[in-house]
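*Asks:* Using the hints, position chain B against chain A.
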Amino acid sequence: MLQFHYQQGSAGKLALFPHILELSAKKNSSIQLHSFPEEVAEGLCIYFIHNGKFEWKLNGQHYYLFPDDTIIVLPGDKLGNDKGILELGSIFWIRIKVQCLKNGELVLGKWSSLSDTECAAVGKLLHLNNTPVLSRLTETGRILSGIFHEIHHLELGYVTRVNQLIDELLIMITRQLTRQSNPSRDFSKMFMKMEDALRKDLSHQWTVEEMAAIAGMGTTLFTERVKSFTGFTPINYLINIRVSEAIKWLKRKDVSITDIALDTGFYSSQHFSTTFKKLTGYTPGEFRKNNTYTD
Amino acid sequence: MKCIITIELGTNAVRIFAFDLNGVVIGSMKGYYPTFHTQTDYSEQDPEQIFITMLYVLKNLLNEKIHVKKYKVASICFSSAMHSMLTVDKNGVPLGNAFTWADNRAKKEAQEMKESTLADTMYNSTGTPLHPMSPLLKIAWLRKNDPAKFKQAGKFLSIKSYVIHQLTGEYLIDYSLACATGMLNIHTINWEPEALNYAGISQEQLPRLVPVFAGAGTLKKAYQNSFGLSDETKILVGSSDGCMATLGAGIWNSDKATITVEDSGAVRMVGNKMLHDEKKRVFNYLITENCFVSGGPSNSGGGVFEWFAKQFGDFTGAYDIESCMSTLLEESTKVATGSEGLLFLPYLLGERAPIWNPDARGMYFGININHEKQHFIRATIEGILYGIYSIGKMLTEHRNIKGLSVNGSFATNPFCSQMIADMFNEPVYITNNANSVSVGAFLLAATEMGIFKSLDEAAAQVQVAKTYTPMENHHTTYMKYFDIFESLSYKLSDEFTRIADLQ
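Chains A and B, in that order, are what the protein sequence lines are.
Be aware that the first sequence starts at 1, since it is given in the working numbering, and climbs by one per residue.
Be aware that the second sequence starts at 1, since it is given in the working numbering, and climbs by one per residue.
Simulated from the structure, these hints should not be mistaken for lab results.
Model, not experiment: these values are computed from the prediction.
The reader is advised that the hints may include incorrect statements.
Stated by the list, open to error - Simulated restraints on C-beta separations:
| id | chain 1 | residue 1 | chain 2 | residue 2 | range |
| --- | --- | --- | --- | --- | --- |
| 1 | B | Ser409 | A | Arg199 | 23 to 31 angstroms |
| 2 | B | Glu322 | A | Lys200 | 50 to 58 angstroms |
| 3 | B | Val464 | A | Asp263 | 48 to 56 angstroms |
| 4 | B | Asn145 | A | Ser113 | 51 to 59 angstroms |
No residue lacks a Cβ here, since even glycine has one placed at the ideal position from N, Cα and C.
Chain B extracted, bound-state conformation:
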């Protein structure tokens, strides 16, 4: 019996799944690794710990779930968080930690680039918004602020490229993850010379570009022995977590969109051409030729609600944030749609799409003497989802959205799923496997094996477990509030900057 293993190098943990060839999960395990915030705006991870954690978890999964049942591993397919940047010397030895997607130290570089004449050409060629998360700007930051390390740099890698290099000795990056570096020209499918020029690097300093289906070389002998695998197990370079979550949600070349809300969130669609947004708010990640995942990311998801729960929740049972959050959710259902006039801006962590304002901050607006705790709970949830809706609305300027596939722990809470359906006035579908990133990576690997003819066919296999139907009257109410939400989000721009300066 053959099986496929997917490895997701996520924001906080590696998640490894094993699927049989029918897509049934045989087993899964995760391993956490830490993020270091040594200074404001810094967010780093240790590449060695990520690698070791991945090895440890993979080995346990193989020994406990795969070898004992005599499964033969046909392929191992990778996916990872986007925008990470790891500098290695000419021998491939890391020069310190990797900068994660959440690292904002290149704030100034991003602002300068946005205001420069390069901004338009860069967006047109790379299809990605200019933001400090982008490795393009991180490298520019390094050149200016740590010239010694910059000079010593042999290569600039993503975490995934580093891990794959450890396993097979190849330096590779797939098109979709390369898009997230802000340096790939999505029309020529090559590194954009103007981007490299701006960063001050040559293309030899970047990993080799390959399609998402590409083999990533053969496992080194020592790892074959240690894992109990042979050289017949294919290592697939795979894609990014965002693109795989979209595929795993069954959204492919259709007028549906997918919404993911975990700690943070995103709204994505798939189409055969780049969404060219005049305000440069939409990202476009190339998956295969003429196939783009387009959308917008949000900083404000379940993490914001968790913040609320920590401050105002009831913690009689020690440490149990989950039960505290579900109690709060329950309480909030007692309040009518719209929280009786209380509105929340969820920008505690600044915001990316659609306002792309790192200085944006949170706010409760419209508080009156009758508002009670439960109004604040509901307003908080509504505010987070208005933020998600605003990304959807931005996408509808380019393409119609008919139906939504929703995943992620926050968004798949029934109360939130219904709220999303009502806000968008579109049906919401929940698929039967909550871990859509892994499902996406499985579908990719299965397509590579020839089980499906194309990714479209693979995506069509994803089954819907539950549907939420929108309620027209709620939609009308939400839209009245959203109107105020949207105008506050832009109108307060000056005040956001002034208060952020004081923080």
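Just chain A, with the same shape it has in the complex:
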């Protein structure tokens, strides 16, 4: 395996790629103390195990890593080895600068050609992810060496190709992530999981793409399956949840209707009012008047 190590600011090779903080391939043939202590990650890091067997600790949890495993480390995650050493073997990694929103979601930069919705979905899913290790994913290794070759050879169009490859890597990983966490047999279980994600973040403007991705499916198949399972389109099902939650808040006097609207994911109190009236026959204000009582 060819070894390389590009770092932002030092090699010059990354000058046109300010979003790539680091790109490396390392063959570790001797064990050294303090070579891999637990540290808080800066940027989004993707590691690929090429050779060897590793025992790493990510956010306090131990992971045994084998060849062809991909490890996803989010900004702020703590990664390292218990004893501080890097074990024998070879690994690839890339570290990408991403913007980290307050709610933990990731935003890529202008370099990415992912659309806004796609980018939001990738960010959302990486953030929701609780299985940071993807096993048997040789694709990661292939894409990472592809990025290295482009940067090394500087052939025509290499800037575009590098950015495309990073996009490809993120898409591939996100897809794999959703597939791996949804063993495909149990639609109802998968649906419950997706439902739970919606409820946990009801104020988020969920798109069908994001919902489908949590389920590890394309939107066409997903919409079809949700329709036959629930009787509703994914978006209408989401409206059911929003209105049901809103009703509970309306029955308590202490929250304003605008706050309820935004907390339950409506664009505005106007949007909330129209949807609510269409469904229940009452405006939220009328509903509240009929249902709240002073004690």
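*Replies:* Below, chain B without anything else, positioned relative to chain A:
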């Protein structure tokens, strides 16, 4: 043209049907709502989401199928899953989610009650087995484990009572659904004072008791406008899903029984008196005066087979559990009756009737070196249906069964229907509308309108689409295995408890 709408508030979904007055389906729609299992033994549903889902589906059905064809809705008749318990405050605002029939948190209360001297009196007066599903025990649980909520409680409702209250402002429960609370005295048709005393509540905290034909008040103006209905549309309180499935199967005051097997299952009969089971295994739900639906429920139905399919089925086409299950069924037909000596106890979820043992667990018994995958498939199906047969056998201790009306997606699979006929050695009839709960609710509403003179006459309208004739030789074989099945189910009682304790 008039039509009747039926609303079934089922275990996982609301199913709404529209029938013309001849009983022909004009349209139907469903809407799913989730069940939350936040802890072992907890099973909850959000009353607001159930209500909103019901509104949404009803509105779509009215707009797309009823108003466009200028139908006039004569009545809307409700049915619902049994044993749900929702606590509301004195203003009718829900205090958290409803506990569903599958909620087992009152396990300890049920066990204590069973062992107490109250057990006999309670069964004699309410006619229902003592089980954690019963709202009587759920309320007792709440009093002990959540005293703050108990103290705040204005009323204890069923999901159906809550939904009806939202629509009309009335707190009502029909006799049949009230039976499923474990608190109705089926002889006096009033709340049983000893039950209320045990639960620690007053009868003012329960909805008002009304017959199944009772009107549930007038739709609130806003809903009339929103639905495009007038105050002439009658809202009928209706009954429970189990009772309606029995009526819809055409089983009424006869020596036939009905078998329903969906995810779970039940065997039921209708008669003019309570089946008084000394071992307290049989439920008795009062429908109208001197008319009881009696029988036993099972936890082990199509859900158990689905479990098998998920573990051992072939999933080349992603997500398609249905086609996977039908492939398995096909494979199992290659094996002879009795699965060549392989026997399965289907108690993956514990069992209700007839063994009433929440600790019961599943088992494959008699495995030998020649058994292959298809033997396991067939044994699984046979085991589920032996469980159903054991409920039927329990009922025959009280009354003869001559002929079976079978419904539910699992039981109406031709292979399963034939197996039921063979096990019972009785003919099996399949009716021409698979959704017997809705048909039952339609027949109830039509009787209320005077289209039929009585429920007996209404039930007689139900037509048989298909008949399965029992095969004597298969019956003989099945009975040899059933004998072992039955003795294992009781003999392993100790071991069931010990293994359940470890799980």
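*Asks:* Indicate, hint by hint, whether the structure satisfies it.
*Replies:* Hint check:
Against the hinted window of 23 to 31 angstroms, the Cβ-Cβ separation of Ser409(B) and Arg199(A) comes to about 29 angstroms, which satisfies the hint. Roughly 30 angstroms separates the CB atoms of Glu322(B) and Lys200(A), a value that falls outside the hinted 50 to 58 angstroms. Distance hint check for Val464(B) and Asp263(A): the Cβ-Cβ separation is about 54 angstroms, which falls inside the suggested range of 48 to 56 angstroms. Checking the proposed 51 to 59 angstroms range against Asn145(B) and Ser113(A) shows it holds: the Cβ atoms sit about 56 angstroms from each other.
In summary, the structure is inconsistent with hint 2 from the numbered list given earlier, while agreeing with all the others.
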